[in-house]
Amino acid sequence: MNAASKQAEPAEEPAECDLRHVAGSPGKAVLEAADIRRALTRIAHEILERTKGGDDVVLLGIQTRGVTLARRLADRIADVEGRPVPCGSLDVTMYRDDLRMKPARALGRTELPGEGVDDRIVVLVDDVLFSGRTVRAALDALNDLGRPRAVQLAILVDRGHRELPIRADYVGKNLPTSMRETVRVLLAENDGRDAVLLGPKDSLQGAQ
Amino acid sequence: MKRHLISAADLTRDDALLVLDTAEELAQVADRSIKKLPTLRGRTVVNLFFEDSTRTRISFEAAAKRLSADVINFSAKGSSVSKGESLKDTALTLEAMGADGVVIRHNASGAPHRLAGWVRGSVVNAGDGTHEHPTQALLDAFTMRRRLGDLSGRKVTIVGDVLHSRVARSNVLLLATLGAEVTVVAPPTLLPVAMGDWPCEVSYDLDAVLPKSDAIMMLRVQQERMNAAYFPTVREYSRRYGLDAPRMAQLPEHAIVMHPGPMNRGVEIAAEVADSPRSTIVEQVANGVSVRMAVLYLLLGGSESAIGTPGAGE
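Which chain is which? The protein sequence lines are A and B, in order.
Start counting the first sequence at 320; every next residue gets the next number (the working numbering).
Start counting the second sequence at 41; every next residue gets the next number (the working numbering).
Since the hints were made in silico from the structure, they are not lab data.
There may be inaccurate statements among the hints.
Unchecked claim - Some residues of chain A that are not near chain B, with every Cβ distance over 12 Å (derived):
{"hint": "1", "residue": "K371"}
{"hint": "2", "residue": "N462"}
{"hint": "3", "residue": "L483"}
{"hint": "4", "residue": "S497"}
To be verified - Quick list of in silico lysine-lysine cross-link-like pairs, DSBU-like style, CA-CA up to 30 Å:
{"hint": "5", "chain 1": "B", "residue 1": "K76", "chain 2": "A", "residue 2": "K421"}
{"hint": "6", "chain 1": "B", "residue 1": "K105", "chain 2": "B", "residue 2": "K117"}
{"hint": "7", "chain 1": "B", "residue 1": "K195", "chain 2": "B", "residue 2": "K252"}
{"hint": "8", "chain 1": "A", "residue 1": "K520", "chain 2": "A", "residue 2": "K347"}
{"hint": "9", "chain 1": "A", "residue 1": "K520", "chain 2": "A", "residue 2": "K492"}
{"hint": "10", "chain 1": "B", "residue 1": "K123", "chain 2": "B", "residue 2": "K76"}
{"hint": "11", "chain 1": "A", "residue 1": "K421", "chain 2": "A", "residue 2": "K371"}
{"hint": "12", "chain 1": "B", "residue 1": "K105", "chain 2": "A", "residue 2": "K421"}
{"hint": "13", "chain 1": "A", "residue 1": "K421", "chain 2": "B", "residue 2": "K75"}
Where a beta carbon is used, it is the ideal one built from N, C-alpha and C, also for glycine.
The shape of chain A in the complex, shown without the other chains (with noise of 0.2 Å):
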């Protein structure tokens, strides 16, 4: 597997960044900030194209990570098309299939924009892509919100491993890993700076 020679680099870190939260060695970046701004650009300009101009696009972010992409996309689009993109966020705490796996969690925000999903093509975003189970929660959480004309999926990495039949309409990135392995998205806004790292399972706390 090429995966067992990834995790032993030892990655270099600008020393101004801040990874407290990452225990221990911090992993690679296999994403810099300009990859992951070229990522976006290129999704919301396949949104618009896949949408015909995006007329009835809802963009919906996933707590926590996927709410700041899904900004971001909406500015993108915003300046391509020279008007506002809805977007809101949705948090599938209470969908999840692993509740009961771990200790109850504290809730973040689900917050529709003014228009409601109802009859509109929602774009869900979040960060990374794994078991899919996520997504799964998410598709049973916007049931009970509305009924969007269609769903789709946008996601900055694919780290594959699915464990349900999903797959995303958006891709920033696809990254093979193994299951040793854990993926970090760190965004400016949630993390002070921009990078995807990929690091051996201990050192990093998974996004998923």
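Take the given structure of chain A and dock chain B to it, following the hints.
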């Protein structure tokens, strides 16, 4: 491992804020067309009510149902309790039925504590005698926080029958945890003996406290628990400790008027005060469902409880 909610003192400041923040998110569910979350699917919540109750029982039932739990309602009237079954035997019956959560109201102080030692599920105190009623305190704090913002440094006045009031005790404990300054106002006969332990001020003069209050909570005069003459006449009580329109006018502009219900209109609170825009009495009932959803979710939703006291014997 923490798994019961028996006293407001079981909650640390972080626990209490977690409940209030969770309730804030869950309050949104009430505005949706589908007022239901799948979180407690397959879990059973038993409402064990040995004492009459309208809003608390309905509120817990609505909360559990909105989280998709199965709800079994048990009231002492019409059950084997009227044939002389003891609390312990009732508890063992519930245990055999596999209750994940037991919400208990009992006229004996300490009944939920005893129950917690007999059942495997989480026990939530919904009012025990004159001891505590922690979810009422949480919903009161939630209501105050929504109207007044952060509670630290806020001045809350609790007026009336403190001696018989589980609401007063739970509120004093929780509000102190949240950093509010509490003043209790009551005739000396309606104060418990050991007030020195309570984290609050005591006053006998309502008019002196009113202008400094951000929230005033009127307690019900509990005629059913009064087996002695605690005050000369209802009329005299109402004159000295009741909240009427002239007294409400002495409150600061932003202050709110609260009452846990059921009210004795004309005794501790005048009808015009209860129906005024400063009264949060109806709001408190609506908030009760959100707060109880939060408590049930945090106690039963995960592999172990996120708030409350350690389980007995652990």
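Going through the hints against the structure:
For A:K371, the non-interface assignment is confirmed: its Cβ lies about 29 Å from the closest Cβ of chain B, beyond the 12 Å cut-off. Not every CB of chain B lies more than 12 Å from the CB of A:N462, the least distance being 8 Å, so the non-interface label is violated. Interface exclusion of A:L483 from chain B stands, the closest Cβ pair being 17 Å apart, more than 12 Å. For A:S497, the requirement that its beta carbon stay farther than 12 Å from each beta carbon of chain B is met, with the minimum near 27 Å.
At roughly 22 Å between alpha-carbon atoms, B:K76 and A:K421 fall within 30 Å of each other, so this suggested pair holds. Our distance criterion of 30 Å between C-alpha atoms is met by B:K105 and B:K117, whose separation comes to about 23 Å. Taking the CA atoms of B:K195 and B:K252, the gap is near 7 Å; set against the 30 Å cutoff, the hint holds. For the hint pairing A:K520 with A:K347, the CA-to-CA distance comes to about 12 Å; that is within 30 Å, so the pair holds.
Note on A:K520 and A:K492: the hinted pairing holds, with a Cα-Cα distance of about 20 Å set against a maximum of 30 Å. A threshold of 30 Å between alpha carbons decides the hint, and for B:K123 with B:K76 the separation of about 38 Å lies outside it, so the pair is violated. For the given pair, A:K421 sits about 42 Å from A:K371 by alpha-carbon distance, which is inconsistent with the 30 Å threshold. Proximity of B:K105 to A:K421 is assessed by CA-CA distance (about 22 Å); at most 30 Å being required, the pair is judged to hold.
Between A:K421 and B:K75 the alpha-carbon distance is near 25 Å, which keeps this suggested pair within the 30 Å criterion.
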